[in-house]
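Quick note, the sequences are listed as chains L and D, same order.
To convert a position in the first sequence, counted from 1, into the numbering used here, add 399.
To convert a position in the second sequence, counted from 1, into the numbering used here, add 982.
For the record, the hints were derived by calculation from the structure and aren't laboratory data.
Please note: incorrect hints may appear among the correct ones.
If you want the ones that stay clear, here's a sample from chain L, every Cβ over 12 angstroms from chain D, calculated [said to hold, decoys possible]:
(1) ASN427
(2) VAL440
(3) LYS441
(4) LEU488
(5) GLY489
(6) ARG541
(7) GLY542
(8) GLN623
(9) THR627
(10) LYS655
Pairs of lysine-lysine, PhoX-like flavour, derived with a Cα cap of 20 angstroms [claimed, not checked]:
(11) L:LYS487 <-> L:LYS596
(12) D:LYS985 <-> L:LYS472
(13) L:LYS596 <-> L:LYS528
(14) D:LYS1070 <-> L:LYS441
(15) L:LYS478 <-> L:LYS441
(16) L:LYS655 <-> D:LYS1068
(17) D:LYS985 <-> L:LYS518
For every residue, glycine included, the Cβ atom is placed at its ideal position computed from N, Cα and C.
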Amino acid sequence: MSNMAGSRGGKRNREEADKYSVLLPTYNERENLPLIVWLLVKYFGESGYNYEIIVIDDGSPDGTLQIAEQLQKIYGDDKIVLRPRAKKLGLGTAYIHGIKHATGNFIIIMDADLSHHPKFIPEFIKKQKEGGYDLVSGTRYRGDGGVYGWDLPMNYRSLFYVNSPVFLSSRGANFVTQVLLRPGASDLTGSFRLYKKDVLERLVERCVSKGYVFQMEMIVRARQLGYTIGEVPISFVDRVYGESKLGGNEIVSFLKGLLTLFATT
Amino acid sequence: MTKLLEWLLGVSLVGVAWGLVTFDLLDLQLPAAYKEVAWPMPVYLLVVFGCYSLATIGYRVATFNDCEEAAKELQAQIQEAKDDLKKKGLKM
């Protein structure tokens, strides 16, 4: 961490103009939300970037919003911005809703369930500045990237698995996707990414799919529109608290989405 | 051009080349050895591609990182965060 702060010293002025808005769509995340916010505050504080955290709660019955209000009191309403919605309306619209209220020129999208660790965000930012990328995607399939919680490496689950999300992130599914779409990015179903704000706006407008396919469509369309993509290896720690919210028919919709993208992009 | 069209184009190019050699459609009087090599070529290509796929997937599965350190670090940080948030007055 310390050498990073040193190497960034010279570019201080330009960086201060940049602001990073983290979008956190939540549904029943009262356990995880304070922890993810604490980690975000910690790592943004250490790296010195300007940021805000936008919590988009879709009417969680477990009181996620009340927890978020407490966090806002602790960390200030310039850092924690609450933009709740009345009911569950899906990820794509949550992003549109969040972008509308974001004051940053960069947007970071991540899951609030602690599977995406905020420690990687300074690396995303550094990568983006290095190459001037339009988007930077976290990848579990390159370098030091990886996964915890799937009994890797030789367990059959990491090859093909009949349950999402492991299946969709498996090496087998990833290989098929790479062969068919050649997207120029190694992790299509991951959702830990940094976007230039206007790039995200344009992508969200064009993307129609839901769930995992949405993440895949975003990056495939990005390539189609000629946007540049940087990648940062991330470790993905499977949900610590709570159950995965995805059902088995995710796999069917994934395959449909894959074929749709194959035929249309 | 969509990926589907790219694939169709690629497959038809290979198909045309294969047909030209195997059935000598242009009457080039190719030596018989060419034909012998060419006619089972699509099957060979499929087998090679299949082997390549299996080898690649197998290698990647075997080398997929299991991030135990990351999980431990996270657990420790969760505890730290809980203690700190309690101090700051958060009521869970």
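Evaluation of the provided hints:
{"no.": "1", "hint": "ASN427", "verdict": "14 angstroms, holds"}
{"no.": "2", "hint": "VAL440", "verdict": "10 angstroms, violated"}
{"no.": "3", "hint": "LYS441", "verdict": "8 angstroms, violated"}
{"no.": "4", "hint": "LEU488", "verdict": "27 angstroms, holds"}
{"no.": "5", "hint": "GLY489", "verdict": "26 angstroms, holds"}
{"no.": "6", "hint": "ARG541", "verdict": "10 angstroms, violated"}
{"no.": "7", "hint": "GLY542", "verdict": "9 angstroms, violated"}
{"no.": "8", "hint": "GLN623", "verdict": "9 angstroms, violated"}
{"no.": "9", "hint": "THR627", "verdict": "20 angstroms, holds"}
{"no.": "10", "hint": "LYS655", "verdict": "14 angstroms, holds"}
{"no.": "11", "hint": "L:LYS487 <-> L:LYS596", "verdict": "24 angstroms, violated"}
{"no.": "12", "hint": "D:LYS985 <-> L:LYS472", "verdict": "50 angstroms, violated"}
{"no.": "13", "hint": "L:LYS596 <-> L:LYS528", "verdict": "15 angstroms, holds"}
{"no.": "14", "hint": "D:LYS1070 <-> L:LYS441", "verdict": "14 angstroms, holds"}
{"no.": "15", "hint": "L:LYS478 <-> L:LYS441", "verdict": "12 angstroms, holds"}
{"no.": "16", "hint": "L:LYS655 <-> D:LYS1068", "verdict": "46 angstroms, violated"}
{"no.": "17", "hint": "D:LYS985 <-> L:LYS518", "verdict": "36 angstroms, violated"}
The structure shown violates the earlier hints numbered 2, 3, 6, 7, 8, 11, 12, 16 and 17.
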